[in-house]
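With the hints as extra help, turn the sequences into a complete structure.
Protein sequences, first through last, are from chains Z and P.
Start counting the first sequence at 1; every next residue gets the next number (our numbering).
Start counting the second sequence at 1; every next residue gets the next number (our numbering).
Calculated directly from the structure, the hints in this document are not laboratory data.
Model, not experiment: these values are computed from the prediction.
Backbone N, C-alpha and C define an ideal beta-carbon position, used for all residues, glycine too.
Among the clues, some could well be false.
What the simulated footprint calls covered on chain Z by chain P, stretch by stretch (three residues with Cβ under 8 angstroms from a Cβ of chain P suffice, anywhere in the stretch; the number is not a length) [stated by the list, open to error]: (1) 99-107; (2) 116-123; (3) 134-146; (4) 248-261.
Computed cross-link-like contacts, DSSO-like style, restricted to lysine-lysine with a CA-CA straight-line distance of at most 30 angstroms [as the list claims (entries may be wrong)]: (5) P:K231 <-> Z:K255; (6) P:K31 <-> P:K231; (7) P:K231 <-> P:K409; (8) P:K337 <-> P:K409; (9) P:K31 <-> P:K17; (10) P:K31 <-> Z:K255.
Residues from chain P that face chain Z, not an exhaustive set, calculated with beta carbons under 10 angstroms [stated by the list, open to error]: (11) E82; (12) T244; (13) A245; (14) G270; (15) E273; (16) N274.
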Amino acid sequence: MMDIGNKITRVTATAIVAGLTLIAGTAGAIAAGDAESPESQNWAFNGVFGKFDKASIQRGLQVYIENCSACHSLEQLAYRNLFDLGFNIDEVKEIAAQYEVTDGPDEFGDMFERPAIPSDRFVLPFPNENAARASNNGAFPPDFSVLAKAHPSGPDFIYAILTGFKDEPPEGVELAEGMNYNPFFAGGQIAMAPPLFEDGIEYTDGTAATVQQQAWDVTNFLQWAAEPEMEDRKRIGWKVVLFLLVLSGLLYAAKRQTWARLH
Amino acid sequence: MSAHTQPSGSSGNGLVKWIDSRLPVFTYLQKEYGEFPAPRNFNYWWNFGAILTFMLVLMIFTGIFLAMQYTPHVDLAFDSVERIMRDVNYGWLLRYMHANGATFFFIAVYIHIFRGLYYGSYKNPRELLWIFGVVILVLMMATAFMGYVLPWGQLSLWGATVITNLFSAIPLVGDAVVTWLWGGFVVDNPTLNRFFSLHFLLPFVIFGVVVLHVIALHVTGSNNPLGIDPKGPQDTIPFHPYYTAKDSFGLAIWVTLFAAVVFFAPNFFGEPENYLKANPLVTPAEIVPEWYFLPFFAILRSVDFNVWFIDAKLGGVIAMFGSILLLFVVPWLDRSKVRSARFRPIYKWFFWILILDCFLLGFVGAHSPADQVFDGVEGLLFIDLGHVGTAWYFIHFLVLLPVLGMVEKPKPLPTSIAEPVLGGGQAATGAAAKPMEKA
Ligand code: HEM
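As structure tokens, this is what we get:
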């Protein structure tokens, strides 16, 4: 249908476009930002076959509760979401019951405190942003619910931040009051003090609590918190894509057969 | 399969006949989608009309279901989208289909437009058809822009602020216009509310214009890769079953690609920062629009100088809107009588250069103008590329199109569509000719 010369022009042009875009893309990546770019890690959830590492996520929940929840909220999650991680009803109830929520008004019109139940959302560490800033030197600890999706290389970035603190800034870097040196954070200075310590927590499953291990686990937890639907999504995705490929094949055959009638 | 062999309107059972004699929808469908004689030589670039129709319907369906759960209030919008993602059954699927649907909609519409530019589909007698197409593009842009504001992330808020602020460049009344658009003195709840209302409305307006677009198409008939008019029945085939079969196959491939992105990389085309809740007190490090606006954004920012009494800001706004509105007059800018670039040896090259230019502008739009393009190369800034890309865009349409029409010597056109297709001038036989005898 199309003469060869034409096809060649077209293919060459497409190749040039693709090539230029690629070159352009890499140039842009090198030029971007003043923070060090995080190393990419081999996460269990990576790739089209990726799955959550449930054991790591469960440990990550423990890291979050013990080390982060005093500052970082998780406002989009409810305790009932923990069923997805394999906790049973009693375990979830127990986790929730550690927190107090305000409920009411009761029959006299008064608000009252009660222990949280599975249907409650994760209790916020601070009543509002100003309160959070007031306790953190003016800095705001961001909410964790979708943090892993809010950075270009989300989980790698979180892991890099958590493992990237340096006790001493390099020559010539002047740290502002209350700031900590972390080359992976924009500007190299972060208002959060290193939150993880060697054996800072004792894992209930006996895993050795190195800083790397805790960072790894809490990052897995945050990735799950950001996209709890991921496993369903990929599983359904395979079925849909395979179905569509077969359908495309059949439709191609039907098209060939129909057009064969022309001559 | 053999619907086209039956005379219009007389097919079907009693109920169909009863309705048809009172409101001839079946006759219409039969005529416009059954027998409709289409040139026999479409290639797969002609698939995108069907693909676009599918995308519009998909956007309307997913949108309506999202709207059932979405709350257009600055304090609740972000959370309500997260509710959709987490608690609504298959809400994540609805939302990822809608968000990526916008992306695939734009990929398809850009391919569709460049198809038109390559094969000269805007030329006499299809000018009005083309104009309806450009109206659809403009409405799509407005719809997508307002849709992006709805999840109320950082870029929703700041993107809306930057783009609506453009209107302040209008002399004298600019600031008043912006206040009026916002419904206040900043982008706030009234803005979000009206954007939701309009975002809900506009797709149905688009639907209406699509109907006009298709009616216009069915008056003039389709263009084809050779850009010459069908000369008789041997040049055309009935739309059904030939192009319904071909379109179905192409659409299935398209949907497969779409599904792969929705299920495996649903945030690939999105900006991560929009997963941060909108905060009027924190300006994002960089405010970038969605990828499909990047070339126009680059043109906006490339005018960084005053021209006569027009300051840089107004100049940028004029250039940006001009670059889109320009498309309306392309049928009159192009002076060449030959439609298809296959027979236009010089235009063909400039067509591909224009494509490169649009990619270049897109690339520029994604970076801040004052940044260096290459780390090692001093002095080459994105703004420089922006100047070149913008200038070329306008040169292409305003200078090259008219001039080429006058200086270019086109290659000889084939005498008929059937000639190159059948490898000779002889009349087609069999299935191709038969249905046409009835039409
Ligand atoms: C021309 C067709 C349409 C286009 C191009 C379009 C585009 C968009 C875009 C780009 C977004 C932001 C996606 C995100 O990042 O979250 C969005 C959100 C939204 N759209 Fe549409 N849309 C269309 C039709 C509709 C229709 C017909 C409705 C309702 C009847 C609708 C309802 C919504 C709602 C409720 C949201 C907010 C939820 C969300 O952000 O995911 N859309 N739209």
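Each hint tested on the structure:
| no. | hint | verdict |
| --- | --- | --- |
| 1 | 99-107 | violated (count 0) |
| 2 | 116-123 | violated (count 0) |
| 3 | 134-146 | holds (count 4) |
| 4 | 248-261 | holds (count 8) |
| 5 | P:K231 <-> Z:K255 | holds, 25 angstroms |
| 6 | P:K31 <-> P:K231 | holds, 20 angstroms |
| 7 | P:K231 <-> P:K409 | holds, 24 angstroms |
| 8 | P:K337 <-> P:K409 | holds, 11 angstroms |
| 9 | P:K31 <-> P:K17 | holds, 15 angstroms |
| 10 | P:K31 <-> Z:K255 | holds, 21 angstroms |
| 11 | E82 | holds, 5 angstroms |
| 12 | T244 | holds, 9 angstroms |
| 13 | A245 | holds, 4 angstroms |
| 14 | G270 | holds, 9 angstroms |
| 15 | E273 | holds, 6 angstroms |
| 16 | N274 | holds, 8 angstroms |
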